[in-house]
Amino acid sequence: MKGYNFAYLDEQTKRMIRRAILKAVAIPGHQIPFGSREIPLPYGWGTGGIQVTAAILGADDRLKVIDQGADDTTNAVSIRRFFARTADVATTTKTADATVIQTRHRIPETALRDGQIIVYQVPQPEPMYRLEPSRVETRRMHALADYGLMHVKLYEDIARLGHIGISYDYPVMVNARYLMAPSPIPAFDNPKMHMMPALQLFGAGREKRIYAVPPYTEVRSLDFVDHPFHPARAPHACGLCGAGDSYLDEVLTDDRGGRLFVCSDTDYCETRRADGQVGAEGVPVGMPGGAVEATQ
Amino acid sequence: MSETTLLSARGVSLSFGAIQALVGVDADLWPGEVLAIVGESGSGKTTLLNVLSGRAAPGTGAVWYRTPDGQLLDVHTMPAPALRRLHRSDWGFVHQDPRQNLRMGVTAGGNVGERLMAQGSRHYGHIRDAARDWLVQTEIDPKRIDDLPRTFSGGMLQRLQIARTLVTHPRLVFMDEPTGGLDVSVQARLLDLIRSLVARFGIAVVLVTHDIAVARLLAHRTMVMQGGRVVETGLTDQVLDDPQHAYTQLLVSSVLNA
Ligand SMILES: [Zn+2]
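Protein chains in written order, with my numbering: chain A, 1 to 296; chain B, 1 to 258.
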């Protein structure tokens, strides 16, 4: 892609985004406005995440991009290719090998480490937007740490359903100060955000907000003492690698109702199988017949 | 300001352009006391309520609130977060239209529990018990705890607003025409309820009303306002039975004639 600046965005825009990121890191969980740029990309690429990634990428970085936990979806492949072309950075599908991980809807199962950065694509940065339509009012609630309304929502869930009915984008308190939307990751992933050694950055392009959780920061999922937060997962082991601790996707294996639970994190699953772990439906990697082909 | 006053205003004035809404108003409220501010519309009584509660700033003058530990707070110079905290803990506000205060898409229990949660209560069972208790206190069938307010009658809505306000045991509640717009029989029941709750919990109340009968039933002391000025103030019985000011005499007699 000749004629483009490194990582596509011009240096002035990247500086502006970096300033917003620095502010965000200084005030964990607080939404910082930024002058989001129009990027000529297909809808659904998540321009907020892409702008943050573009602003932090260096020539020596190794980038991993996942969408719903998978490295091989159209979105993930396109974004990875975009940065490979515009920034000429190395790419990887291995969580452990990446320096920057851009993600939509998941946190990798492999624990992130010191020095890594994870960039979340965020469609809606305001955790109370369904409860309080006024942006002026939600800003005031953040300024005053006035989050009774969010707990009213949890109370209402328990009163009506018997349990807290939020399974994605489950609200968290960051550093015991700011209420934050973790983006539409499953609630199962929330505990991974707590005291994570890696830097977590969140980019919302349409809403023009950036926020961050610095390494080793307290991140607590909202709950009640007598209705504690429960990071739910399907009660199965992965059919391919046998993992009993990973977040699972249910996939159809044929058109007669056959189904299979497999790790949503494809790198985690493949790494386990390469290490010789085999699930009930799986065949060791490299053996005749190979692994079951899951049709999404 | 005397040692024991809960709320005091001195020299409060406020103009909206050429209109003088408040002119040199002094007011004092003692703990557990119900103070009625009466007057016709345009007398400045609602503006005064807003200034006393920190919802509107005076042009000149000041309002002080004494905290439980004896600290005097200037209501209009204290930081906004502290004032907001006051409004959701020590203070309460009952609007004429309960829809202004209630969340109509949230159950009765959630409405009553919100102030507890805003104060940090994190035990669902305890919040629910408190909500149920306050529904009973305000004569709402506790079986309605999971119903939405939009299924409630006007009188029930007002009682639900009172439950939502009193659940955190505020020391001071501002009330703006709390029985306005309700049928006479519903009004009578609500006034009875307010009187007994206020007495039982020793709550101080600043009550704005155009209705002399409401002041007579609820208030220990009454302030009469006309054209932004306090024209007469004293014990309610004295002010209403033996009015000194011509305007008060007019107000009282118009009730008698009504
Ligand atoms: Zn697996």
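Any given hint might turn out to be false.
[Claimed, not checked] Here are some chain B residues pointing at chain A (derived, C-beta under 7 Å):
hint	residue
1	Ile19
2	Gly110
3	Tyr124
4	Gly155
[Said to hold, decoys possible] Derived SDA-like pairs (lysine to any residue); straight-line CA-CA distance at most 25 Å:
hint	chain 1	residue 1	chain 2	residue 2
5	A	Lys153	B	Leu86
6	B	Lys143	A	His163
7	B	Lys143	A	Glu137
No lab work stands behind these hints: they were computed from the structure. Heads up, the beta-carbon is just placed ideally off N, CA and C, and yes, glycines get one too.
Status of each hint after checking the structure:
Violation of the interface hint for Ile19 of chain B is found here, the shortest Cβ-Cβ separation to chain A being roughly 28 Å, above the 7 Å cut-off. The criterion of a C-beta within 7 Å of any C-beta in chain A is met by Gly110 of chain B, whose closest approach is roughly 5 Å, and the hint holds. Taken as an interface hint, Tyr124 of chain B checks out: its beta carbon lies about 4 Å from the nearest beta carbon of chain A, inside 7 Å. Evaluation of the Gly155 of chain B hint against chain A yields a violated restraint, the C-beta minimum of about 24 Å exceeding 7 Å.
The hinted pair formed by Lys153 of chain A and Leu86 of chain B meets the criterion: a straight-line CA distance of about 23 Å does not exceed 25 Å. Between the alpha carbons of Lys143 of chain B and His163 of chain A the distance comes to roughly 20 Å, so the proposed pair stays at or under 25 Å and holds. Proposed proximity of Lys143 of chain B and Glu137 of chain A is contradicted: the alpha carbons are some 33 Å apart, above 25 Å.
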